[in-house]
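Taking the hints into account, I'd like the entire structure generated from these sequences.
Going line by line, the protein sequences match chains S and H. First residue of the first sequence? That's 99 in the working numbering, and the numbers climb one at a time after it. First residue of the second sequence? That's 2 in the working numbering, and the numbers climb one at a time after it.
Bear in mind the hints are in silico, worked out from the structure with no lab data behind them. If you're wondering where the values come from, they're calculated on a predicted model, not measured in any experiment. Check the hints yourself; a few may be wrong.
As the list claims (entries may be wrong) - Quick partial rundown of chain H residues pointing at chain S, CB under 8 Å, derived from the structure:
(1) Phe-43
(2) Asn-149
(3) Thr-288
Quick reminder that beta carbons are idealized off the backbone N, C-alpha and C, glycines included.
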Amino acid sequence: MARYILKRMLRSLITLVIVVSAVFLLLRLMPVEGYFNNYDKLTSTQIKVGLMNQGLDKPVMVQLANFWKQILKGDLGVSNRYRINYPISKVIASKMPVSLKFGGLAFMISMALGLPLGILMSKSARGKSRLKLGDKLGTLFVVMIQGVPVAIYTLFILMFGTSLLNMFMRIPTLFNADNWRSWILPVTALSMGNLALYAMWLRRFMVDESSKDYVQLARAKGVPPAEISRRHIFRNAMIPLVQYFPTSVVAVLMGSLYVESLFSVPGMGGLLVDVIKRQDNTMVQALVLVYSALSILGVLVGDILMALLDPRVSFGNKGGTR
Amino acid sequence: MDMFARAPYRPEEAEKTADTGYSYWRCTLRIFSKNKVGMFFFVLIVTLLTFTFIQPYLPAQKQALLIYNDDGGKVLRNVSPNDEFWFGTNSIGQDLWSMVWAGTRTSLLIGFAVAVIEALIGITAGVLWGYVRRLDFAFTELYNIVDNIPQTLVLILISYIMRPGVKTIIIALSITGWLLTARFIRNQVVILRDRDYNLASRCLGTPTRRIIMRNLMPYLVSVVAMRMAMAIPLAVSNEVFVTYIGLGLPLSTPSLGNLVNSGIDKIMEAGLRYQLIFPTMVLSLVTISFYIIGNAFADASDPKNHTE
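Written out as structure tokens, the structure reads:
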């Protein structure tokens, strides 16, 4: 087990190294305007000096080596357009907590609502009523969320949610991190995707599990149905659900890019969209790296969780992920 | 010894017992056509596609991109939907009805191109990956790296570096997508390659072509069809996303992304919301249909469901 985890971590590390280098090299293909604040007004000598100061006149491989030295010291370079000559790590440090709180809240909401929804759907699907209304309504919701792009239903939440909420309370027009009402709509939008994902798979796994032999046995022994559901079916159905953990981490990360920007949540996601529009190369580079690192970490944690939770995953020499 | 005589090999004799009258496609179609919801959306999407592509040739259609003026020469900005402009006009006086269909054409074109590229490269690479053992390591390691990076980030990076355009979006979307298809194919090939019935077929001298067509292909078709059906809505929604972050198509190319994006500016003005609602409705109809058809077809084409 320890060997598997170690191997899996090593692979993530290698991936990270490759990704960092690839992102750096790819961004060197960009025109150099993105490294200056006022490129159009500069003379060619000033541009040369500017490039030299940023070490961008050296051969690409030397630049890459320098970039690595810089990164290992925790330095992501300075911003050129967003905030002139300001260290990017400081910008990110100020934005990260907002994004973490935002993503974390969305994650908790998806779990807190998605899992019960899945349980209710599977109960309705296994129930005696011929109509199975609960299951059908739930499935309709899941299909709507998965079939309609995030970018679109988020717009609808923004459009109709605002007027709907305004009937009960005053929500601030501009996002205000200190006012909890500001968080309702963006967190709802961000949690929808995973909520539907959890509900769909939990329903499927619980329905599958309930026809297994050990459930029949428990039923034959006279274990009350509620206890069978809780102690046998639910617990076993949760195990395969863990494999969707990495997917949902990545979904929250990528969803936050759009949702943060649309609701003007002052986090990293909105920042990335902002610096892309301003063509601030060093900022784009740094933020793409942070997001890649976070997703690599998310997938790693998911794989390890899966290995820890499911005793049926084998740890042969081929590795558990195959 | 004359109790045993060597029988001559006659293919038609050998096949006599093998033919059960089962046809993969017939069975797939029968199961699919029984799925009412799937069929509904299938008819819907066929109608929608046909309409999208013949719309410019229908009578009484306005031209997309053209700016309309009234008789006095004043630009017809933000005209609410009426008899003349069925979906109204946008803030620069273009006819939204024809813009929406032109945009749907562009977006679907991107979706189809991505789906086809992913399928072609994915199948080829997947079969090689599964069959040629020496390639397994390289492909697997490549997959393990790419699998860790969200496609959205690749899309952002590629669109940031390249010039915005239809080609850029197609490249950015298919550059990593094929690997996922290849991986699915590879897994199927590895699972099926040495199954007993394939071993038996080989021992009986069935030609490789026939093994691939009759024994392997049915399993691969369902995987590929599912991936292709899902690639289209994914491409459409990704196009909306890159347009939103300012890396999408130029405004001179109408696309659903462009239309939705200009509609976002009107989101707080209740009277102009139709400019957002029409494109999003058409877009959602397209993506939901493909999503449902993809799922229904995956069920129908899975040979495991072909039991009578």
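Verification of the supplied hints:
1. Phe-43: Hint on Phe-43(H): violated, closest Cβ of chain S at ~14 Å, above 8 Å.
2. Asn-149: holds, 5 Å
3. Thr-288: holds, 6 Å
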